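Each protein sequence line maps, in turn, to chains Y and F.
This note's numbering applies: residue 1 is where the first sequence begins, and numbers increase by one.
This note's numbering applies: residue 1 is where the second sequence begins, and numbers increase by one.
Calculated from the structure, these hints are not laboratory results.
Possibly wrong hints are sitting among the right ones.
No copy is singled out in the list; a pair is fine if it fits within one copy or between any two copies.
With a straight-line Cα cutoff of 25 Å, these simulated SDA-like cross-link-like pairs (lysine to any residue) come out [what the hints assert, rightly or not]:
no., residue 1, residue 2
1, K349, Q62
2, K299, D346
3, K412, T168
4, K412, R355
5, K365, L71
6, K412, E374
7, K412, C383
8, K412, S291
9, K349, A75
10, K365, D103
11, K302, Y273
12, K299, V228
13, K412, D379
14, K349, L71
15, K349, D103
16, K299, Q62
17, K304, Q62
18, K349, V102
19, K74, I347
20, K365, E397
21, K365, D100
22, K304, D342
23, K412, S382
If you're wondering where the values come from, they're calculated on a predicted model, not measured in any experiment.
Number of protein chains: 2
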Amino acid sequence: MVINMKFIEGGICAAKGFKASGTYCGIKKPNIDNYDENIKHKNDICLFACDTICNAAAVYTQNKVKGAPILVTKANLEKSGNKAIAVIANSKNANTCNADGVDKANEMCALVAKEMGIPQEQVIVASTGVIGQILPIEPIRNAVPTLVKDLDYGKNLEAATAIMTTDTVKKEYAVEFEIDGKICHLGGMAKGSGMIHPNMATTLNFITTDCAISSEYLQNALNDIVKVTYNCLSIDGDTSTNDMVSIMASGLAGNDEINSENEYYTIFKDALYEVMANLTRMLAKDGEGASKLLECICKGAKDKDTAIIVAKSVICSSLFKAAMFGEDANWGRVLCAIGYADAEFDIDKVDVDLRSDNGTITVCKDGAGVAFSEDKAADILSCDEIYIDINLNQGEESATAWGCDLTYDYVKINGDYRT
Amino acid sequence: MVINMKFIEGGICAAKGFKASGTYCGIKKPNIDNYDENIKHKNDICLFACDTICNAAAVYTQNKVKGAPILVTKANLEKSGNKAIAVIANSKNANTCNADGVDKANEMCALVAKEMGIPQEQVIVASTGVIGQILPIEPIRNAVPTLVKDLDYGKNLEAATAIMTTDTVKKEYAVEFEIDGKICHLGGMAKGSGMIHPNMATTLNFITTDCAISSEYLQNALNDIVKVTYNCLSIDGDTSTNDMVSIMASGLAGNDEINSENEYYTIFKDALYEVMANLTRMLAKDGEGASKLLECICKGAKDKDTAIIVAKSVICSSLFKAAMFGEDANWGRVLCAIGYADAEFDIDKVDVDLRSDNGTITVCKDGAGVAFSEDKAADILSCDEIYIDINLNQGEESATAWGCDLTYDYVKINGDYRT
Numbered sequence: 001m002v003i004n005m006k007f008i009e010g011g012i013c014a015a016k017g018f019k020a021s022g023t024y025c026g027i028k029k030p031n032i033d034n035y036d037e038n039i040k041h042k043n044d045i046c047l048f049a050c051d052t053i054c055n056a057a058a059v060y061t062q063n064k065v066k067g068a069p070i071l072v073t074k075a076n077l078e079k080s081g082n083k084a085i086a087v088i089a090n091s092k093n094a095n096t097c098n099a100d101g102v103d104k105a106n107e108m109c110a111l112v113a114k115e116m117g118i119p120q121e122q123v124i125v126a127s128t129g130v131i132g133q134i135l136p137i138e139p140i141r142n143a144v145p146t147l148v149k150d151l152d153y154g155k156n157l158e159a160a161t162a163i164m165t166t167d168t169v170k171k172e173y174a175v176e177f178e179i180d181g182k183i184c185h186l187g188g189m190a191k192g193s194g195m196i197h198p199n200m201a202t203t204l205n206f207i208t209t210d211c212a213i214s215s216e217y218l219q220n221a222l223n224d225i226v227k228v229t230y231n232c233l234s235i236d237g238d239t240s241t242n243d244m245v246s247i248m249a250s251g252l253a254g255n256d257e258i259n260s261e262n263e264y265y266t267i268f269k270d271a272l273y274e275v276m277a278n279l280t281r282m283l284a285k286d287g288e289g290a291s292k293l294l295e296c297i298c299k300g301a302k303d304k305d306t307a308i309i310v311a312k313s314v315i316c317s318s319l320f321k322a323a324m325f326g327e328d329a330n331w332g333r334v335l336c337a338i339g340y341a342d343a344e345f346d347i348d349k350v351d352v353d354l355r356s357d358n359g360t361i362t363v364c365k366d367g368a369g370v371a372f373s374e375d376k377a378a379d380i381l382s383c384d385e386i387y388i389d390i391n392l393n394q395g396e397e398s399a400t401a402w403g404c405d406l407t408y409d410y411v412k413i414n415g416d417y418r419t
Numbered sequence: 001m002v003i004n005m006k007f008i009e010g011g012i013c014a015a016k017g018f019k020a021s022g023t024y025c026g027i028k029k030p031n032i033d034n035y036d037e038n039i040k041h042k043n044d045i046c047l048f049a050c051d052t053i054c055n056a057a058a059v060y061t062q063n064k065v066k067g068a069p070i071l072v073t074k075a076n077l078e079k080s081g082n083k084a085i086a087v088i089a090n091s092k093n094a095n096t097c098n099a100d101g102v103d104k105a106n107e108m109c110a111l112v113a114k115e116m117g118i119p120q121e122q123v124i125v126a127s128t129g130v131i132g133q134i135l136p137i138e139p140i141r142n143a144v145p146t147l148v149k150d151l152d153y154g155k156n157l158e159a160a161t162a163i164m165t166t167d168t169v170k171k172e173y174a175v176e177f178e179i180d181g182k183i184c185h186l187g188g189m190a191k192g193s194g195m196i197h198p199n200m201a202t203t204l205n206f207i208t209t210d211c212a213i214s215s216e217y218l219q220n221a222l223n224d225i226v227k228v229t230y231n232c233l234s235i236d237g238d239t240s241t242n243d244m245v246s247i248m249a250s251g252l253a254g255n256d257e258i259n260s261e262n263e264y265y266t267i268f269k270d271a272l273y274e275v276m277a278n279l280t281r282m283l284a285k286d287g288e289g290a291s292k293l294l295e296c297i298c299k300g301a302k303d304k305d306t307a308i309i310v311a312k313s314v315i316c317s318s319l320f321k322a323a324m325f326g327e328d329a330n331w332g333r334v335l336c337a338i339g340y341a342d343a344e345f346d347i348d349k350v351d352v353d354l355r356s357d358n359g360t361i362t363v364c365k366d367g368a369g370v371a372f373s374e375d376k377a378a379d380i381l382s383c384d385e386i387y388i389d390i391n392l393n394q395g396e397e398s399a400t401a402w403g404c405d406l407t408y409d410y411v412k413i414n415g416d417y418r419t
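All chains should be modelled from the sequences, with the hints used to inform the complete structure.
As structure tokens, this is what we get:
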């Protein structure tokens, strides 16, 4: 954490120049009887935009099946030279695996461009919701003029709730920090990890900042921070077709544009990490059916990749996740998951602690179990946030991975069990 | 399937020269109140042995944490030049992550060797059950003389039930086949995929045959067949510390020893595949909390590895597994899991069918969803065995992967939920 960095309200509207709006336009998902009862919010479409042209960067799903909005956003940013002004995003329909998907995604951009009087390729588009269902475009055509008219500096919440699917809480985070005497802001909103029939696994994340930074360094920073935040998040190991993280930088903070790996670039990356790590944590905590947040911190690794691989291996273990649901101090499952992590290290040096607000216990030392009080373990595991501290004791690098427990509700939500 | 290969009874005693025995010796698992109620069987230790010295081969867990029995069996086979006469195996305690584990595993071999008058290094040892709990050796010392005395050609069932942990059914399979006019037999027993506190994920598999084959070709055949059977099985993605597959060949069928890649080697491998694929299928069907067997067949791949990777990716998807529990024809999740499979192929050529005894429906054609009758889909998915047929349409290779649905009971069994 950078000195003088502090949490602020405002989400995607925290940075200077960014306005947002959101509304319910009526994108209905047909043929799913129980759909509406799972929806915890009202808005289904949002827009946010900057007063000026922004440098932009994005990271997309690695799934070979890519949603139409992914393809269109990627093409737009290429065409615009990584410049963007506005983002339009809807929930309830992912516009993926449809023959007319790209046309519809392009039309969404065209509608915003026309209404705002901006180039179409400076519009980013995202959709989340059911895949393989035709996106109804008429409600969106009707909504865009309202969305543009309603754009306001304080309406981040209208947007943050519009991208929710089965998310139970909206996810926003923003920080204020200083670069060369100029006050900068960086904030974001995210959705994800709740899903119902047939597939809403998508993680969407939108970041805005008023820090001046070139598109190239914006992309570099985003790539580096995604690797240690979103890519260290696992709810169930499934990678969605529509995952996207985008970032827009307005430059309105007035600092000299960052375009080298100088000290200001480091500060910017720290701010980006702070926001994205907190959003990642929120996503994990609101994972499908989750009752507990799991945070695994692997220290003492010979390199960063080893630390990431080991931490993720534990977070992804269904056995360990189920044990945490049962509040069972099952160190054998932690050690087992460390043991099958696809990295090179000496298992006989590994120590493992389990920790929460109620205390810490060492469950494994030098790769073997150690005696501990079952009562104390039960007390520690009764908390909502559980930390698994792994020390490989063979280097200086560390990494964190986030996940959640595996619960009856996960099976229920995803089984869409027809009683 | 080789012409003239047929299923026979007898499990590990189907091949000439192999005797077995099993008993309850009293290996108690301490400190786990609900342990016994999960146990569906009585025996906790077994022995099987051949009238003659066998060529032997084995494949072990790839987990860095390896159970003591794994280390001892590996050392023994190295010392004996891949020869073995007897196998001793216990359930209820995995003898893993204990300081005295290797000593105890060696003592188990020594006890059998002394009682039978055979070299200690010709004994294979395996344990499955709780890890990180000291193995009580006294009950085993007391049981070995009885086990040796009771060895009998017809007692395969006594052994097959002794290795069960939370398995709900015993798993045996055997075939008869012909090599150059000689009748050969190959059979096996397996356990696995049921687990309770804290870790019983182990898959054990023992194969015996009277076919004459060199240790080298026995190992080659085992490596090849494990790759397309056990390594294509996933219940929850967790790799145990004690997994082991061993095979012993007595040569008593009287055929000329197979020691090249000739036609007889091919017949032998077909027989081994038949037995191991059927045991794998039984393991999947009896997976933790499973209500349905899932069998994914990927055809039309440019190479074998691509077919394996794609089929396994579908079988490992928690989202898809939960959908199958809910009998929900969720083609989007199949396509999503195919899309993130770590292999190179063109997603736009992929077709997917769902199939069972109640019929077949095409749910995906050329990488996009197609309309289908929800009623017919529900009817198909109401069966206990579901087949997912994938055609990549870009080559001639195929592979099968086996798994099971993700159910409330999986979470319950592994959460050890303390109500």
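Verification of the supplied hints:
For a Cα distance limit of 25 Å, the shortest separation of K349 from Q62 across copies, 18 Å, qualifies, whereas the shortest one inside one copy, 34 Å, does not. For the identical chains of this complex, K299 and D346 are intra-copy neighbours only, at 14 Å inside a copy versus 39 Å across copies, given an alpha-carbon limit of 25 Å. With identical chains, the CA atoms of K412 and T168 are at most 25 Å apart both within one copy (16 Å) and between copies (24 Å). Taking CA atoms no more than 25 Å apart as the test, K412 paired with R355 passes between copies only; the shortest distance there is 24 Å, against 29 Å inside one copy.
Taking identical chains as interchangeable, the C-alpha atoms of K365 and L71 lie at most 25 Å apart only when they sit on different chains, with a minimum of 20 Å there against 49 Å within one chain. Proximity of K412 and E374 under a CA criterion of 25 Å is satisfied inter-copy only: 20 Å between copies versus 30 Å inside one chain copy. Taking the shortest Cα distances, K412 and C383 sit within 25 Å of each other both inside one copy (23 Å) and across copies (19 Å). When the C-alpha separation of K412 and S291 is checked against a cutoff of 25 Å, the pair qualifies both within a copy, at 14 Å, and between copies, at 14 Å.
Within a single copy, K349 and A75 get their C-alpha atoms only as close as 49 Å, which misses the 25 Å cut-off; across copies the closest is 23 Å, which meets it. With identical chains, the CA atoms of K365 and D103 are at most 25 Å apart between copies only, with a shortest distance of 20 Å across copies and 58 Å within one. Proximity of K302 to Y273 under the C-alpha cut-off of 25 Å is restricted to the intra-copy arrangement: shortest distance 22 Å within a copy versus 41 Å between copies. Proximity of K299 to V228 under the C-alpha cut-off of 25 Å is restricted to the intra-copy arrangement: shortest distance 14 Å within a copy versus 36 Å between copies.
With identical chains, the CA atoms of K412 and D379 are at most 25 Å apart between copies only, with a shortest distance of 20 Å across copies and 28 Å within one. In this assembly of identical chains, K349 and L71 lie within 25 Å of each other by CA distance solely across copies; the values are 18 Å between and 46 Å within a copy. When the C-alpha separation of K349 and D103 is checked against a cutoff of 25 Å, the pair qualifies only between copies, where the shortest distance is 21 Å, while the shortest distance within a copy is 56 Å. Taking the closest pair of Cα atoms, K299 and Q62 come within 25 Å of each other only across two copies (23 Å); inside a single copy the shortest separation is 27 Å, beyond that limit.
Taking identical chains as interchangeable, the C-alpha atoms of K304 and Q62 lie at most 25 Å apart whether they share a chain (21 Å) or sit on different chains (23 Å). For a Cα distance limit of 25 Å, the shortest separation of K349 from V102 across copies, 18 Å, qualifies, whereas the shortest one inside one copy, 52 Å, does not. In this homomeric assembly, K74 and I347 come within 25 Å of each other (Cα to Cα) only across copies, at 19 Å, whereas the closest approach inside a single copy is 42 Å. Only within a single protomer do K365 and E397 lie at most 25 Å apart by alpha-carbon distance; the minimum there is 19 Å, versus 46 Å between protomers.
Only between protomers do K365 and D100 lie at most 25 Å apart by alpha-carbon distance; the minimum there is 16 Å, versus 57 Å within a single protomer. Taking the shortest Cα distances, K304 and D342 sit within 25 Å of each other both inside one copy (13 Å) and across copies (22 Å). Taking the closest pair of Cα atoms, K412 and S382 come within 25 Å of each other both inside a single copy (23 Å) and across two copies (17 Å).
Violated hints are absent here; each numbered hint is respected by the structure.
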